[in-house]
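Trainee: Protein chains in written order, with my numbering: chain A, 313 to 480; chain B, 5 to 398; chain C, 19 to 396; chain D, -7 to 184.
Derived from the structure by calculation, the hints contain no laboratory data. All the pointers check out, no bait thrown in.
For lysine-lysine, the following DSSO-like pairs were computed, each having C-alpha atoms within a straight-line distance of at most 27 Å:
1. B/Lys217 / C/Lys389
2. B/Lys162 / D/Lys16
3. B/Lys186 / D/Lys36
4. D/Lys31 / C/Lys88
5. D/Lys165 / B/Lys313
6. B/Lys260 / B/Lys295
7. C/Lys389 / B/Lys270
Predicted, not measured: the structure shown is a model, and the values here were computed from it.
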Amino acid sequence: MESLQVLVKAGIYILMAAGSLAAIGAVFFPNLFYAGLSLAGVLICVAGIYLSAGADFLAMVQILIYVGAVMTLIIYAIMLTNIEEIKVSHLGIKQILLSILAVSGFAVLTASAILSIDWRPLSGQNRLEVHELGAALMSRYIFPFEVLGILLFAVLIGAIVIARKDKV
Amino acid sequence: MEKTLQSGDFKEKSFVLRGERDVDTQTLEINVGPQHPSTHGAFRMNILLDGETVVRLKPVMGYLHRNHEQIAENMSYAATMPYTDRLDYFSSMSNNFGYAMCVEKLASIEVPERAEYIRVIMAELTRLVNHVSLIGFLLNDLGAFFTPVVYAFREREKILDIFEEVSGSRMMCNYLRFGGVKTDIGANTLEGIKKIVRAFPAFLEEFETLLTKNEILCMRCQNIGILRPELAVNASITGPMLRASGVNYDLRKVDKYSVYDRFSFKIPLGSRGDVYDRYFVRILEMHESVKILEQALKDIPQGDIINRKMAPFVKAPRNFKPAVGEAYARVEAPKGELGYYIVSDGTAQPWRYHVRAPSLINLTILEDMCLGQKLADAIVILGSVDIVLGEVDH
Amino acid sequence: MDQLFVNLKNMALHLIGVFAPDWLVSLSSILISVGAMTFLGIFIMMYLTLMERKVIGRMQNRIGPNRVGKWGLLQPVADAIKMLTKEDIVPEPADRLLHFLAPVMIVIPALLIFAVIPFGRNMTALDLNVGLLYFFAMSSTTTMVIFMAGWGSRNKYASLGGMRSVAQMISYEVPMVLSVVPVLLSVGSLSTGKIVEAQADLWFVLTPWGFFACVIFFLCGVAECNRSPFDLPEAESEIVAGFHTEFSGMKFALFYMAEFMNAFSIAALTATLFLGGWQGPLLPSWLWFILKTYSLLFVMMWFRGTLPRLRADQMMGLAWKFLLPLALVNILAAGLHLYLGGPAGFASALIILLGSFMGLSKVNRSYVPEKREYVLAD
Amino acid sequence: MLFGMGILRGLGVTLKNFFASYYKKPEEGGLFTVEYPEKRLPVKERFRNFPFLVYDTTPENMRCVACDICAKECPPKCIYIVRDNDEAGRPLKKPAIFDIDFTVCMNCGICEEVCPFDAIYMDHEFEIADANRLDALLYNLPDLLKPNDYFQKIRPNDAAQVDARRLEAEEKKKAAVAAVKTQAAAKDIKPE
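With the hints as extra help, turn the sequences into a complete structure.
Mentor: Rendered as structure tokens:
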């Protein structure tokens, strides 16, 4: 059976590589639509990784929320404003230096975080049961759940108000 | 050439939707062009859309112009008769009826009783065919996948068989002659017509249960493309569109031409003048036509079918030279008032020949009905106006 | 007879197991089910097109295709060959990549959904314990792909179709998900297998909230796969062919295939959730499943043969102002029914639901047809 | 009334038609499709498609005398006739060329009405499609000629009337000739 395990591990690595490639694509594509699509690619790869880690509820929710709703909103935005190409303006020498400095600082920070955590999977932690999640959501985390609901509601109304052109 | 509107200069002219437009978007100009599945033929609408709402609609016609009037002026009177079939190719008998009446008025020829009854029967049968197929096409524009059209065509087939039996051709009948009709109706053909007329109300019943109270149809058709009576009268709209707006004007009652005064029938009038009224007025008109047909079939007299004075001209149509003068005759075609205006200079060819095409004139106010409606409604309103491009562009 | 296909698969696995290492056996069992699913998908799609043309033909008193093959049975093969040999035109201004990618990416979710459908007793390809959520996740990705097709082909009609489909998908996904909640309430698990087992004695459609949930789910499903009376994104009469105007040949066939596979999976899931999947007295379980799914598909074709199309804003109004509140009330009624239990629960749920249905149709006055009287003047 | 009732009743109509198409007879709501190449609808007698020329017994004595009336009266002008001359150049009562361009003809039947010699009638043959439009659909004299009994077969009543009229005209002409002969004979006797 271990050959199957190798296959699965190889699959995960492929997923991670594809995800990072898509992420780079999302940043560097001049065409907005391609950038949107590669972002969707990233999200699907992340869902794949959740699946391989066994959190299938989380993977499905990830696809449903991100790829189903958020990506549609992004593409709706692209559609309404129909900006096709973003001109990549060439950067002066000063900005390049500054950006390299920022990126390296960020890299150091994440590297130290990654190295300090021990990655051994917690043994004995069985799969998350959906109805446990539901019960917890309704019992221990009932307050944040309600607050979040009201917050989203406020966001919705705010969006509509902003979108309406001020009555001239 | 009228300056084509750029979307930029559209802003200050946007009269209709100033208040409604809350999200500032770009206008989209699309051509519901000559090659479009639901424009009933080669007809183009240049629509300026704001989102899905129609802001400007410019009909473009003339793709099917066949120079009918000029051809008629270079041919003898009888030779134009088969060309009138091609005007509104859904109701060829009514076109012949109008043309024959106009030449008879010009040359003052009487038409024997039996011929008049045959003409009325044929005209009312074409009205049934036209209204039934129109409702089918209107439902097609609404999206019902061909079912109403196929039910309508099942009835239309029976009536077209009668036309073939009587005149020789299903759609291009060329059946009427000046002073009467070409050939007589046999006894069994009369029996066939009676059978069809007897079965028609049952079909209408089924058609109505399928459509009239259908919520989706009501949602899509009620209060859409409202035509105010004053605008209809000013734009000289005629036919079911006018009556749907509540104006009581039907040539069969106004002119009482041919033998229509002998039949008792009613004229259905709508109240709101929207697409739903235009649809339902046509169904009621079909009920009335069935009533006329029953009475006409019951007391059709015997007798000759063409005026004896016209006998020599049957064999030699080119000798038929009406006196100098002009005549205008009009007939209540299924689409509206179909008028023929002929000026004769004594020769065998008319000096001036003009056709008043009802669908062309009914189309002029398409923009007024479509402004502010959605794109889907503009297509449905065009469908309810009932145009046939052969007649619009003649 | 009931476990026919399962035994077949086990025999095949034994056969492979004789001379192949065990990891190859488990791999081939996956491959067999995947192969069965894809073949099933394509086969179903081909003969669904034939069934639709025959059924609508018969409704219109005509025969439907009967020239190719005995009763037109080879018609789908003829269509496939026609689609393959047709020239595949890519419009000049169109975006090459999107125009190519859209038909590919629309078929993937349509096929993936087949994994979670319980075709018979323990004949589900992949019995996830989040089966239903998997279905919603997959069907939500089609929105983006449809818009990609519409936007990629740079055609006014296509982009109009794309906009309409995005609006329609979003507004019909919400009531669809909410209409499934009562089923989860009573079953307690998202897995489709368990849902079917829970309906062993009583199908959910027979309970009041079950019936309303089934109607809402089915209507939203019909809207989700762009079929009549909600087929706005591809309204022939208005915007020519909506988002797949610029596609021809095999690409159009892929769109067509995806639409029919979605229709099949919606019918299959409605049968699973409300009509008791493969539960049924004497016939083998997979036959029951086929009977129920194809009767629901007949209803979809029945809609297509009769009903005119809704306008864009009416369609969205129907979703937000009618189906969504009804779905929410349905959850309340289902909770009441399960909490009270017995006839009291049944009656109270029924009263609440009928009352809310009447109230909602009163509130949405613009959808209710006006009474009109016509003067017969002379 | 309940919101969805209209739609349900509409669906009921299509369902009724769906089942009616299986067991009902074609007249009342059943399946009335006639599958064309195998089964055909009977063509009505007065059906008119493209014209044809009638000859009585042999193609030589055809009825047409090349009087050119039908060519003049034809609205789209699709008939072309050239009169035949005998060796001495005197015109004959027979057309040398008689072409009808079927792509122009709109089968209106006016030529049939105006022909004084009952020579041209409308045919029932409508399966004349052809690959190329120019010469295949330009019918000349040999293609147009059809025997009188073909005319009787496709249009029994009309053919009967035409034959009766021709027979009667025949008698009247013979009687007239006889009358002229007797009159001439009578004139010989009187002058002596």
